[in-house]
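Sequence lines, in order, name chains A and B.
Numbered per my numbering, the first sequence spans residues 1 to 461.
Numbered per my numbering, the second sequence spans residues 1 to 897.
Please keep in mind that the hints were generated in silico from the structure rather than gathered at the bench.
Incorrect hints may appear among the rest.
Computed cross-link-like contacts, BS3-like style, restricted to lysine-lysine with a CA-CA straight-line distance of at most 30 Å [as the list claims (entries may be wrong)]: (1) A:Lys-297 / A:Lys-338; (2) A:Lys-367 / A:Lys-206; (3) A:Lys-342 / A:Lys-353; (4) B:Lys-647 / A:Lys-206; (5) A:Lys-342 / A:Lys-265; (6) A:Lys-342 / A:Lys-295; (7) A:Lys-47 / B:Lys-474; (8) B:Lys-658 / A:Lys-206; (9) B:Lys-474 / B:Lys-614; (10) A:Lys-295 / A:Lys-367; (11) A:Lys-206 / B:Lys-474; (12) B:Lys-658 / B:Lys-704.
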Amino acid sequence: MLFADLLFLYFFLPVCLICYFLTRSTDTRNIVLIIFSFIFCAWGDPKWVAALLISAVMNYFTGRFIGEHKGISGKLTLAFAIIFDIGLFGLYKYILPVTSAASILTMPLGLGFYTLQTISYNVECFRRKVEPERSFIKFLLYISFFAKLSAGPVVRYSTIGKELTDRKTTIQDFSEGFTKLSIGLCKKAILANYLADAVHRLFGEKSDGYAALSSLSVLGCWLGAAMTMLWLYFDISGYCDIASGIGRIFGFHFGENFNYPMVCKSIRDFMDRWFISLTSFFKDHMIYTKLFAGKMKGIAYLLGCVLMGLWHGLDLNFLIWGLFLGIFMMTETFIGKKRMKKMPSAAAHIYTKLVLIISFGMFYFNKLPALVGFLKGLIGLNGNAFADAYTGRVFLGNIWLFAAAILFSLPIIPKLREKAFRSAGSAYAYQAAGVICNALLLLAGSLMLSSRSYPFIYFNI
Amino acid sequence: MNEQNKNGDPMSFDLDALSKAYEQSLNNIGKSETDRPVKSPRQTAPNKAERDFVPRDFRSQSEDSAEHDKIVDKIREERRKRSHSVWTDTPLLKPKKSVWIDDTTGEIDVSAVKTAAKKQPVRSAPQPTVIRQPEPQKRPPQRNMPPVDDEPLFPILNEPPRKQELVMDMDSHGVCRVPPKVNKQKLMLNMPARGPVSTDTPNKRTVSINMPLSKMKFDDLFETDEPTKELKKTVEKKSVPKEEPAQEAPTAEIKKVEPEKIKPAKTELKKEPVKTQPQKTVTEKTVEKSAEKSEAAPKKTEQAKPVTSPRPVQKPEAKQVRKADTPKKAQPTKLNVKKPVPEKQSKVSDKAKDDEYNFSAMINRVHKEKAGSIREEYEKEDKTHHTQITEKAQLSKAARQVSDIKPRRLNKRRKPNLHELEFRFINSIMSLCVVFVIFFTLLFMERTLGYSPSEQRELASFPEFTWEDLLSGKYAEGIDEFFTDTVPGRESFKQFGVFVGMMRGIDADNIPDAPKQAVTAPVDETPTEEETVQTTAPDESEAEIATETEPAVQPHTPGVISDSVTEITGDLDDCIVSGEIIFTGEGENMRALAGFNGQFDAGTDYAHTLNKYKEALGEVNVYNMSVPSAAAYYLPKDLRTTMADQKDNMDNIAAELKGVINADVYETLSQHTEEYIYSRSDHRWQPRGAYYAGKVFADKAGVKYPSLDTYTEYTAEDFTGSLTKRTSDSRMNSVTDQFIYYKPENEFTVTYFDKEFKNSETDDMFFDDAHGAECFNAILGSGDGIVQVETDCDNDRTLVIMGSSSAKALVPFFTHSFKKIYLCDYRTFELNAVQFCKDVGCTDLLFTMSVAECSSAAHITAINNDRVRAATPVGVSQPTKVNSQAETNADSSQAAE
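Required output: the full structure, derived from the provided sequences and hints.
Structure representation (structure tokens):
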């Protein structure tokens with residue numbers, strides 16, 4: 001079951017809301033959420049619940065043991081827990097797909113996300129940042145909560161630990177939750193889906209061997225890569241917004257997962273804004289550790305990016321994507337933040353956008369010949385024209401979509417709100433328009449779901 | 001009361017005299033340094049012990065402290081008399097939720113406080129929030145400030161005296177609540193590290209004390225166990241009555257705890273707002289009078305500051321603040337100096353005493369000082385707090401420098417109530433309505449079930465439950481599909497999607513699906529039609545040149561011309577449409593076209609595959625008939641440069657054929673484009689187009705081919721072509737189509753075999769009841785097996801046609817040309833085609849398929865698989881029923897009649 005699915009939005013979610021708010025105590029509500037989370041998880045394959053339960057039970061006990069024992073026993077338990085989590089993830093992600101068992105045991109829903117969550121939980125227990133959760137029910141909800149199961153964000157226990165015990169949904173939570181839900185829905189159903197359509201026209205698809213790429217012009221390659229970048233941004237951030245909104249409705253505060261990454265002025269800045277819960281996981285648990293102190297930090301960035309790429313999959317394009325970004329991050333680390341800030345703003349924007357466009361273009365092609373063809377096409381070595389009528393027509397055919405995507409990737413709404421709230425009249429107008437737009441977006445996004453939809457790019461990660 | 005004066009005389013109880021004396025002393029306090037004509041010796045040489053623990057404002061300004069004490073004692077006694085029962089001597093008026101201060105002793109009933117504190121499990125110390133005014137130099141001097149010549153208590157107090165405000169939000173449990181609008185960083189700097197801090201509370205109580213920070217005793221303010229009476233007196237309600245006169249702005253801000261509300265032994269501050277109707281007390285009137293008097297004096301008095309409260313209902317307060325900021329309103333002091341009240345006015349003036357935030361405290365401290373009981377205690381506490389507050393002061397000083405503007409805005413300009421909560425509530429309700437209306441709609445409205453004409457398929461039905469399906473996830477998948485597929489108003493939803501799709505760009509519908517392969521010119525060049533038709537020439541030399549100039553080729557699909565069966569990846573549907581459908585024409589001439597994205601390499605593979613057939617079959621005549629789609633002739637001119645040219649691809653195929661006879665139908669069909677040779681809503685040709693194409697083949701094969709006039713024409717009017725299900729564009733509804741087919745007059749027998757060429761059944765060639773999307777099945781039905789047609793032709797030639805659904809239209813026209821005709825759908829063929837041809841005695845093998853199929857790796861693979869598949873002997877069974885075409889025609893004639 002996907003968020004951008006009519007069955008989820010208009011059957012699963014309303015029923016869950018009714019059951020949740022019919023109960024009063026937090027403990028009962030936790031059980032309600034766990035039941036619905038299990039249904040959500042088992043919808044694709046009931047066997048996925050087993051993997052979820054195994055991971056939850058194991059990490060519950062390891063967390064408690066780590067919390068109660070210091071010294072070598074705690075360290076050993078932490079090491080065991082991390083190896084277990086990574087092993088479970090690697091088994092499904094890397095080993096089973098190349099064996100004959102792939103048809104029987106598919107990748108459990110959200111395994112990539114809750115693996116990172118369990119690792120961070122154990123580490124936080126070890127660092128005494130959080131008290132180990134005593135209640136298995138609460139811990140199970142932390143692992144399996146359906147709002148963040150399939151598409152993230154990677155929520156840490158320290159973020160929602162208290163809300164597992166005591167939470168309430170205020171009017172503000174409800175309002176902002178639904179607002180986020182509708183914004184995320186429109187990001188996914190309108191912007192991301194149509195951007196994906198345009199990208200498929202320019203590059204072709206995996207199923208047809210990226211046939212269209214072979215005769216694409218140079219400008220077409222750049223246009224397609226830029227659209228791929230925007231597509232990925234709206235696809236992932238749209239799902240995260242939906243997840244965050246649903247969590248907010250139920251009284252959980254996951255935090256922002258994307259902070260307008262397209263306004264970055266350096267690749268490190270981009271990594272601070274892109275999928276914050278994921279990048280911060282690698283920063284806090286790897287890059288900003290004593291192991292990589294000092295000049296080793298640049299190498300840590302490189303290694304972190306490569307691991308982040310491998311987390312997406314074992315395909316070559318993910319590895320190259322991580323390596324590519326990691327090299328730039330390492331270089332920026334060696335240059336230093338102060339010197340990077342001295343770069344003119346326009347130059348910084350051009351530099352980062354070029355790097356990002358190329359990197360996300362590489363992210364798209366998971367076959368080496370197509371990837372090489374794309375890189376050749378970017379610099380005109382594929383023998384095609386610099387521009388052609390087809391590229392022009394695709395661009396014109398999606399020009400409003402492209403403009404809207406660029407516009408909404410910038411912090412327009414916060415700026416608008418800030419200006420609107422300077423006077424009472426404009427604030428009223430802004431809020432009233434927000435209410436109407438929210439309802440319309442929710443409706444429009446739903447209508448769009450029935451017409452066409454592309455699967456979430458992170459599905460099964 | 002037993003104290004005696006300096007002369008040893010018992011204290012006189014001349015209240016008027018005492019009051020006057022005390023008033024004089026307090027008036028001295030109220031005057032600024034410049035106003036004060038004579039500085040008292042006490043001010044110039046302050047008592048250090050007193051200075052340590054008593055704020056300067058609280059200190060007695062009279063030189064004769066004994067006299068002062070007596071006055072205080074007298075006043076307290078008078079108050080006690082009024083507030084205590086004359087019968088029991090117990091207090092009549094006690095705070096309901098406040099600390100009771102025993103007026104008899106003037107001390108706080110600490111035991112009661114502690115007892116009450118124990119009863120409250122979540123009680124914690126109320127935490128004050130001290131908000132400093134960042135620009136003290138712009139403010140008027142402190143009215144009640146003595147000369148700042150003392151040694152400061154804390155480093156922070158070295159700064160010039162400035163207006164301070166103590167804001168304390170606390171709930172019924174005494175838990176301090178932080179107003180959300182307060183600068184948090186600053187707040188934390190100023191907050192003692194005790195007690196919980198919360199930013200959200202339904203029961204907020206703001207306590208405002210207007211006094212200089214330099215004069216405050218923080219330990220007094222922070223101590224929960226000793227909530228002094230002045231705190232109770234300065235409890236301020238959240239909402240200030242709107243009708244409160246502006247004249248009272250400075251004083252009316254301070255909400256008084258009415259005596260009726262007071263109960264003993266409670267540390268909690270009352271939750272419900274205290275009734276604070278603008279009832280002017282005597283004290284307030286006194287203040288106003290004094291303010292009027294002091295209008296002529298220099299305006300260096302301290303203005304009363306409003307309580308900084310986060311509640312939006314404090315709009316009236318904001319008005320008061322603005323009014324209080326005006327010079328006219330600056331005269332009244334917040335510190336209500338109370339004149340000694342005559343006995344007649346004592347009842348009222350007692351009420352007014354409560355307005356004084358520091359008066360009781362002053363009494364209390366002076367009394368204690370006299371007793372010498374708390375000096376050491378203060379000194380000890382001062383040391384600890386001195387350390388804490390010094391650190392905090394340093395930090396807060398730095399923080400103020402950074403965020404200097406925010407607090408000023410916070411105090412000066414109150415944020416207007418924008419009704420955010422109300423809008424959020426409406427937003428929540430509307431969102432919930434949308435979700436639940438759609439939920440109930442989907443749940444209870446009748447779903448769209450059965451056949452979908454627009455998509456030409458059966459919509460999903462609710463899956464049957466089986467444990468196996470449940471465990472495999474298929475059951476859930478089926479429910480998901482059913483829920484989405486049968487959504488009520490599905491067509492409207494699709495139309496909305498089309499509408500949004502049209503909004504994404506300019507002329508989005510006419511964009512072809514894939515780039516033209518042969519286009520090499522930049523977009524700004526506008527080549528002529530002749531220039532853009534850059535073809536791969538038939539001769540080898542030109543083909544090589546074309547290859548050099550066309551490096552962009554489709555990646556070769558491995559195994560296409562393999563000698564073993566290769567797994568087919570991709571769809572084998574012959575309706576190959578990539579991307580959107582292109583519409584052309586208007587009204588009845590509107591036509592839907594499928595774009596073409598042919599690649600030369602794929603065509604080459606196709607040709608090589610046919611060459612292999614020729615090699616395997618030897619003497620058998622192998623023909624190729626690549627059929628162009630309607631887009632080759634009806635595509636608008638401006639779009640032709642953006643698509644692959646079908647003629648180029650056909651020529652490329654022809655150039656690659658070796659030993660295979662090519663039946664080029666392109667030119668022939670182009671001569672009949674004004675006729676109805678292509679369907680308007682389908683990717684295939686009409687039988688009339690097949691007739692013209694068949695004539696080309698018949699000429700190549702050298703067989704008889706009668707005129708079209710010899711055939712009987714039949715028409716199915718409601719033809720819904722295959723392109724209808726490929727688009728949800730509403731313009732597709734405007735496309736009208738029909739299917740016209742021709743029946744030959746000669747006799748023939750049609751036998752339908754299964755894929756293995758075993759089980760057979762004889763039936764008609766034409767099915768006149770076909771309609772809608774099935775119109776094309778009017779010829780040879782919808783089966784995917786092998787069809788055998790035996791005719792009355794006597795040339796002993798056997799034709800095997802390998803093709804897809806469009807090839808069926810050819811068969812009726814060859815009934816005069818070949819004795820036997822076998823029609824095989826290469827996509828579903830399960831035998832070895834070479835062996836099959838040999839077994840059936842094939843003399844002519846015709847491959848006929850669209851150019852798009854000739855350029856599709858999947859389709860080419862399927863043709864090649866038919867060649868290399870393991871050969872099995874063909875056993876032809878006897879047909880179960882034989883109908884002659886003459887009988888069929890007769891039946892049809894009868895039906896027509």
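How the hints compare with the structure:
no., hint, verdict
1, A:Lys-297 / A:Lys-338, "holds, 16 Å"
2, A:Lys-367 / A:Lys-206, "holds, 8 Å"
3, A:Lys-342 / A:Lys-353, "holds, 18 Å"
4, B:Lys-647 / A:Lys-206, "holds, 28 Å"
5, A:Lys-342 / A:Lys-265, "holds, 11 Å"
6, A:Lys-342 / A:Lys-295, "holds, 21 Å"
7, A:Lys-47 / B:Lys-474, "holds, 13 Å"
8, B:Lys-658 / A:Lys-206, "violated, 34 Å"
9, B:Lys-474 / B:Lys-614, "violated, 46 Å"
10, A:Lys-295 / A:Lys-367, "violated, 35 Å"
11, A:Lys-206 / B:Lys-474, "holds, 25 Å"
12, B:Lys-658 / B:Lys-704, "holds, 26 Å"
In summary, the numbered hints that this structure violates are 8, 9, 10.
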